[in-house]
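Engineer: For reference, the chains in residue letters:
Number of protein chains: 2
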Amino acid sequence: MDLAIVDTTLITFQKEGLGIIEQGGLGIRGNKIVFVGKSDDLRDADEVIDGSNCITMPGLIDAHAHTGLALLRGGAQDMPEIEWMRKGLGPFVRNMTEKDKKAGSKLGVIEGLRSGTTTFCEFSANVRKYVENVYKPFKVRTVAVETLNEVTGVDDKGLYEFDESKGELGLKRADELVDEYGENEMVKPCYGPQALDMVSMDLIKGVNKHAHQREADIHMHVAQGERERIQVKNRYGDSTVKVISDLGMLNHRFVAVHCHDTEYEEKECMAERGVRMVGCPSSIAMIDGIVPPIHDFLSLDAAGGVGTDQAPGPGGHNMFRELRTAAVITKVRDRDPTRLPSWEVLKLGTVGGAKALGIDNGVGTLEVGKSADVITIDMSSANLTPRVSEPFHNYVATLVHSSTGKEVREVIINGDIVIRNGGFTSIDEESIVKEGQERGKCLFERGAKDWEEEAGRMAKEMG
Amino acid sequence: MDLAIVDTTLITFQKEGLGIIEQGGLGIRGNKIVFVGKSDDLRDADEVIDGSNCITMPGLIDAHAHTGLALLRGGAQDMPEIEWMRKGLGPFVRNMTEKDKKAGSKLGVIEGLRSGTTTFCEFSANVRKYVENVYKPFKVRTVAVETLNEVTGVDDKGLYEFDESKGELGLKRADELVDEYGENEMVKPCYGPQALDMVSMDLIKGVNKHAHQREADIHMHVAQGERERIQVKNRYGDSTVKVISDLGMLNHRFVAVHCHDTEYEEKECMAERGVRMVGCPSSIAMIDGIVPPIHDFLSLDAAGGVGTDQAPGPGGHNMFRELRTAAVITKVRDRDPTRLPSWEVLKLGTVGGAKALGIDNGVGTLEVGKSADVITIDMSSANLTPRVSEPFHNYVATLVHSSTGKEVREVIINGDIVIRNGGFTSIDEESIVKEGQERGKCLFERGAKDWEEEAGRMAKEMG
Numbered sequence: 003m004d005l006a007i008v009d010t011t012l013i014t015f016q017k018e019g020l021g022i023i024e025q026g027g028l029g030i031r032g033n034k035i036v037f038v039g040k041s042d043d044l045r046d047a048d049e050v051i052d053g054s055n056c057i058t059m060p061g062l063i064d065a066h067a068h069t070g071l072a073l074l075r076g077g078a079q080d081m082p083e084i085e086w087m088r089k090g091l092g093p094f095v096r097n098m099t100e101k102d103k104k105a106g107s108k109l110g111v112i113e114g115l116r117s118g119t120t121t122f123c124e125f126s127a128n129v130r131k132y133v134e135n136v137y138k139p140f141k142v143r144t145v146a147v148e149t150l151n152e153v154t155g156v157d158d159k160g161l162y163e164f165d166e167s168k169g170e171l172g173l174k175r176a177d178e179l180v181d182e183y184g185e186n187e188m189v190k191p192c193y194g195p196q197a198l199d200m201v202s203m204d205l206i207k208g209v210n211k212h213a214h215q216r217e218a219d220i221h222m223h224v225a226q227g228e229r230e231r232i233q234v235k236n237r238y239g240d241s242t243v244k245v246i247s248d249l250g251m252l253n254h255r256f257v258a259v260h261c262h263d264t265e266y267e268e269k270e271c272m273a274e275r276g277v278r279m280v281g282c283p284s285s286i287a288m289i290d291g292i293v294p295p296i297h298d299f300l301s302l303d304a305a306g307g308v309g310t311d312q313a314p315g316p317g318g319h320n321m322f323r324e325l326r327t328a329a330v331i332t333k334v335r336d337r338d339p340t341r342l343p344s345w346e347v348l349k350l351g352t353v354g355g356a357k358a359l360g361i362d363n364g365v366g367t368l369e370v371g372k373s374a375d376v377i378t379i380d381m382s383s384a385n386l387t388p389r390v391s392e393p394f395h396n397y398v399a400t401l402v403h404s405s406t407g408k409e410v411r412e413v414i415i416n417g418d419i420v421i422r423n424g425g426f427t428s429i430d431e432e433s434i435v436k437e438g439q440e441r442g443k444c445l446f447e448r449g450a451k452d453w454e455e456e457a458g459r460m461a462k463e464m465g
Numbered sequence: 003m004d005l006a007i008v009d010t011t012l013i014t015f016q017k018e019g020l021g022i023i024e025q026g027g028l029g030i031r032g033n034k035i036v037f038v039g040k041s042d043d044l045r046d047a048d049e050v051i052d053g054s055n056c057i058t059m060p061g062l063i064d065a066h067a068h069t070g071l072a073l074l075r076g077g078a079q080d081m082p083e084i085e086w087m088r089k090g091l092g093p094f095v096r097n098m099t100e101k102d103k104k105a106g107s108k109l110g111v112i113e114g115l116r117s118g119t120t121t122f123c124e125f126s127a128n129v130r131k132y133v134e135n136v137y138k139p140f141k142v143r144t145v146a147v148e149t150l151n152e153v154t155g156v157d158d159k160g161l162y163e164f165d166e167s168k169g170e171l172g173l174k175r176a177d178e179l180v181d182e183y184g185e186n187e188m189v190k191p192c193y194g195p196q197a198l199d200m201v202s203m204d205l206i207k208g209v210n211k212h213a214h215q216r217e218a219d220i221h222m223h224v225a226q227g228e229r230e231r232i233q234v235k236n237r238y239g240d241s242t243v244k245v246i247s248d249l250g251m252l253n254h255r256f257v258a259v260h261c262h263d264t265e266y267e268e269k270e271c272m273a274e275r276g277v278r279m280v281g282c283p284s285s286i287a288m289i290d291g292i293v294p295p296i297h298d299f300l301s302l303d304a305a306g307g308v309g310t311d312q313a314p315g316p317g318g319h320n321m322f323r324e325l326r327t328a329a330v331i332t333k334v335r336d337r338d339p340t341r342l343p344s345w346e347v348l349k350l351g352t353v354g355g356a357k358a359l360g361i362d363n364g365v366g367t368l369e370v371g372k373s374a375d376v377i378t379i380d381m382s383s384a385n386l387t388p389r390v391s392e393p394f395h396n397y398v399a400t401l402v403h404s405s406t407g408k409e410v411r412e413v414i415i416n417g418d419i420v421i422r423n424g425g426f427t428s429i430d431e432e433s434i435v436k437e438g439q440e441r442g443k444c445l446f447e448r449g450a451k452d453w454e455e456e457a458g459r460m461a462k463e464m465g
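Residue numbers (this note's numbering), protein chains in the order written: chain U, 3 to 465; chain E, 3 to 465.
Errors might be hidden in some of the hints.
Repeated chains share a single entry, so a pair holds when one copy, or any two copies, can fit it.
Below, in silico cross-link-like pairs of lysine-lysine (DSS-like), each with a Cα-Cα straight-line distance of 27 Å or less [as the list claims (entries may be wrong)]:
no., residue 1, residue 2
1, 40, 443
2, 436, 141
3, 141, 131
4, 436, 40
5, 168, 101
6, 372, 17
I should point out that these hints are in silico values taken from the structure, not numbers from a laboratory.
One chain only, chain U, in its complex shape (with noise of 0.2 Å):
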């Protein structure tokens, strides 16, 4: 055995509980998990992580982001939806680098692996490039969505205009990284036509045909609000989930994020044809002053994850914390403080977020065979203590809604330990935040300009 954690609190989700085990032990070898029971049962191993004062469990999974906006991190926040991706986003997007892009995913994905997540589904245009130069140097899990898109330009009057060339060049990008990816231990390729209202009828239709033929999962901004329904009813006469149930896509390989401009029968068609559902918490209440519907699909017996989606809207991707808004503000949309408990808040965060991702055969539980990704949690923290098991497991409701995450001390993905005893193993964290640093100052003050002439411009349109 390559590695073992001792004397650990379990959290394993295995079956349908949390599957807890006090003074438990993990064994791993290679990639694999090879143990997971009484540490007293545990052999040997050639490295020995104690565990004690920790919880070990199943590496978070980050169910939806777009790390390469986190140079944007406090840009565009507190303003009208209408204003948030013209006025707060669009103008420094513009100005933005391919290394900006990079360098903000970088630090995204170091802020997420410290606060424990394992696994990011990234969903981003020419998302070869986030799984080459930073995923994959990294050492971290990823589902690759190559973001489809043909909107030229976005005038909030009239239909958008299609630059079908975009499109073609898309659905290319996607094939190939499905083609070159599809077998990959690490890396899961998906098409993501970014919404129904961002491209043609003919890309759509080419999507899930060239996604059925290749067995990928297409994963899809889902019904996020009046602008695409609006021009989802004025192009097509229905609304989105209308219009792509009749294209057939609504299946078991289909994954719905966000699916908050929704009807209750909608979701509920969703749920009994098998499509899977992120939420992002922050993002939507940031950004929408709206609350994902992840209870609801949860109700419906439909899979659902969480993601952290980007950074200028919710602040960040720490999905202790995204977990934690997840359970407060459904408690306070249905006025009911029993909604979203902390051992489902929980689920949703590891299993829950495998299943949505359609990876949960690999990670997701600590499992033997499954691959190693695992985290341990110092819980001798202030802010953690005290840890109980009887009459009860308080800490299962302590992680969700006291810890930081900034208390995972171990973070190891695919059997390669990431973080050791709180510091990168092999990540130069601190050249990436110094040019995160630097190039966000320089990003900030080239799209300064721009931002100030599209709040005038906005400001004249709207008044």
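Go by the hints and put chain E onto chain U.
Structural biologist: Then chain E, alone, in the frame of chain U:
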């Protein structure tokens, strides 16, 4: 000058805005701030702290907390509001010793200190013990509220029974507290009727009279929900706000906590009369599924602060998390992403809290002549990068939405450095955590029988 923080970004909260000074410096002599300005203009000091890559700002003010309950962290969540007190908290609270409360308070206070809190408003019976055993030795500023509660039994049917001798004892304790600490710079003593349904008319009148004579504040839970409403209606035929208004209690010496079960006109009336308001976002969201009306009070130009309340419901005493929660849940309550913008939320946690507690003459801003309650936050963490000043200060949003509280580096209270470079200077954190863990474990075990019985009894009664 005794202490200087140099080359730092100051958020002073002077005047209406945030009063940001880049390349700023702060000077402290004794317990007072003696310089706030450009770092270059700072004269020599005995000790110099390098504040580059840091934000330096006033310490956070936790405007309402019951830290004595911290050993019950993770002990009462995800349950119907009707069960929270009796089934969740009650069985364990009944088994708490004075030593448990003291150990819990220490744990809660070091959690708060580590996340930048420099003033705690402690609301507890026999609050003097917390002042003498925790706050004074820890050198932490306190607004000490003596809880007054005459209820002998709560059975959900009929009116609560009162024991007048409990009230007399409490009032005597409160009088003594005010007499003892009235002139103390580090302790502001207040009268704390638990709630209108939990004290007799005689006692509330007595409190009002004694507080008026001593020019002391009354800090009271107001309009906490259905059970209070029913009790007050049945006893007095009116709402809580109407009853205390008729008693002449609504004035500039009254601090109303929670207030979620109030009509808009009642909030308006309170605001007009100078009542100050404290909301506890995580606590009320977790226990009741309700968003406290903090935004409503601010929009009525009333002073408002934020409190962590207790650990068992919301999870703990981290004010950074509390501020973010306030913003996010207010946005979704009103379906308006512009609600509680970051700058307003930061003010709530500092100068707002100081005003709400009536201590803004001494603390809450960085100004010459004020007490030196100051924190520094290390902004070089990946989750707080980048930090820019043009075209706007993105770090205001970043502080609220991306920090975890664990980036706090220095905590200075009344001129004393309590935390330096991330470590406590004189508080023995390790032994406090150890005692908290041991006592917490015993307490949960001791309460297990009552907890199981209470669950059964409630199931029977409700069934």
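Engineer: Please flag the earlier hints that this structure goes against, numbers listed from lowest up.
Structural biologist: When the structure is compared with the hints, none of them turns out to be violated.
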